[in-house]
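Q: What follows is each chain in one-letter form.
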Amino acid sequence: MAEIIQEEKGKGGKKRPKKGNPHMDMTPMVDLMCLLLTFFMLVGAFNKPKVMEIVLPEKIKKNEKVDPPKIADSRTLNIILGPNDKVFWYPGKPEAGMPLQVTDFSATGIREVLLDRNRALFKKIEQFQQDVITGKLNIKQDSLANAIKQLKKDDDTGPIVLIKFYKTAKYKNFVDIIDEMSIVGIARYILVDINWIEQGMVEAALKGQTQTAAAPLTQK
Amino acid sequence: MPKIKMPTKSPHIDMTPMVDLFSLLLTFFMLTSVFTPQEPAPVDTPFSVSEKPKPDANIMTVVMSSDNRVFFNVDNGQDTILHFRPKILQEMGKRYNIEFTPQELRKFEKYGSSFGVSIHDMKKFLAATDTKDREVFEKGIPHDSVDNQFGYWVLYTRQINPAVQALIKGDSNVEYPLVKKVLDVLQDYNVNRFSLVTNLEAVKVELTDAKK
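Taken in order, these protein sequences are the chains called A and B. With numbering that gives the first Met the number 0 as the guide, the letters of the first sequence map in order to residues 0 to 219. With numbering that gives the first Met the number 0 as the guide, the letters of the second sequence map in order to residues 0 to 211.
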């Protein structure tokens with residue numbers, strides 16, 4: 000490819016001694032190629048966005064009357080996403096003046112709360128995946144997802160999570176909380192509109208926090 | 000004693016096979032890499048643990064930028080034989096009594112990135128030659144109940160291509176009321192399954208965490 004073969008002219012003239020075939024210096028070309036290759040490899044590797052699927056229940060039409068599904072209070076966990084990445088939660092039914100628990104999106108925050116309540120199902124799923132990895136169970140990759148779905152469907156001890164949004168919540172929180180559901184393996188969760196009782200609870204909680212934060216300053 | 004003169008030879012390595020291999024790999028990566036067209040607004044997507052890759056074809060993307068504008072995009076992937084984009088624009092034009100010329104339809108088909116233009120500005124938008132001229136019209140697609148153009152885009156996209164999947168690509172800092180609004184409009188047009196575009200972030204939860 001790169002060797003240039005010298006044509007020898009046999010006719011006439013003195014035969015000059017061969018000086019060895021001249022090598023073309025390919026180093027710059029190789030340098031450039033290396034660079035381009037690295038560029039395209041990295042572009043190809045990092046340019047893959049991922050998607051997270053969610054399915055929402057069909058909207059109830061205005062002239063249609065459907066009773067809301069009844070769920071047990073003991074299993075409900077309400078999560079309200081507030082401003083500044085704060086997460087408020089309380090179990091059961093809302094009551095005026097009930098204090099909200101405040102936590103965040105860190106590993107010891109809302110995940111611990113959810114994991115604590117979803118322990119049975121989480122263990123089941125984990126055990127199942129362990130069995131598949133170690134070869135105790137012989138299942139194909141695509142039926143694995145179905146089997147886990149079935150496990151989630153059969154679960155009747157885990158929490159039913161109602162996710163609500165305070166008006167200043169961000170899209171990031173929305174993605175984070177749904178992500179958290181899939182990490183912990185919550186079987187049942189739903190996005191619900193916030194009601195006025197909860198709005199008041201969040202506002203009270205926010206006010207309480209700013210007061211406690213301001214208190215040490217005023218004492219000085 | 001005379002020194003023995005070693006023949007001086009410049010140490011050349013034959014790089015030909017290396018170059019061959021490099022050019023092969025280079026060609027491969029160049030051909031396989033797909034360049035995403037530039038978005039009209041910067042969107043910083045949130046992170047999730049999902050490992051499902053973004054589909055390439057039959058998608059419609061709703062883009063929400065951090066300044067609460069809504070953009071829309073119909074990607075029929077690599078497939079240009081089906082010509083979804085001009086058909087959808089034509090339907091939109093019929094709805095709002097705007098006649099689009101074949102040139103404008105072709106221009107719309109070639110315009111690969113998402114658009115945030117009111118249908119009334121679409122003619123001027125397509126006539127604009129560079130991004131700076133276009134920017135003036137990118138005010139976001141109207142999506143309120145008075146003038147729900149976004150809803151009609153969704154409706155006609157689903158009519159023209161029933162296999163379309165809805166993708167939502169939002170900036171991390173988009174306020175929730177807009178997210179709610181967009182989800183509501185999509186649900187009004189019977190789209191109940193969404194894919195949220197995210198970046199991958201690895202999180203590992205161990206069984207030991209649960210035993211605590």
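Because the hints were derived from the structure by calculation, they are not lab data. Quick caveat, the model's predicted, so the values are computed rather than measured. Among the hints, erroneous ones may be present.
Stated by the list, open to error - Cut-off 30 Å, straight-line C-alpha distance, at most; resulting in silico cross-link-like pairs (DSSO-like, lysine-lysine):
no., chain 1, residue 1, chain 2, residue 2
1, B, K93, A, K47
2, B, K8, A, K139
3, A, K60, B, K93
4, A, K49, A, K69
5, A, K49, B, K4
6, B, K2, A, K47
7, A, K139, B, K51
8, A, K49, B, K93
9, A, K148, B, K51
10, B, K86, A, K151
11, B, K106, A, K58
12, A, K152, B, K53
Claimed, not checked - Sample of chain B residues lacking proximity to chain A, with all beta carbon distances greater than 12 Å (derived):
no., residue
13, F46
14, D143
15, Q164
16, E200
To be verified - Pairwise CB distance ranges (calculated):
no., chain 1, residue 1, chain 2, residue 2, range
17, A, P93, B, D129, 22 to 32 Å
18, A, Q149, B, A127, 27 to 37 Å
19, B, D13, A, S142, 47 to 57 Å
20, A, I59, B, S144, 47 to 57 Å
21, B, N67, A, K92, 42 to 52 Å
22, A, F38, B, P54, 48 to 58 Å
23, A, A71, B, N191, 17 to 27 Å
24, B, M29, A, P93, 28 to 38 Å
25, A, D24, B, E134, 23 to 33 Å
26, B, N67, A, N62, 29 to 39 Å
27, A, P67, B, S32, 28 to 38 Å
28, A, E202, B, D55, 38 to 48 Å
29, A, V54, B, D55, 38 to 48 Å
Even glycine gets a Cβ: it sits at the ideal position worked out from N, Cα and C.
Q: Against which earlier hints does the structure fall short, listed by number upward?
A: 1, 2, 4, 5, 6, 8, 10, 11, 13, 15, 16, 17, 18, 20, 21, 22, 24, 25, 27 and 29
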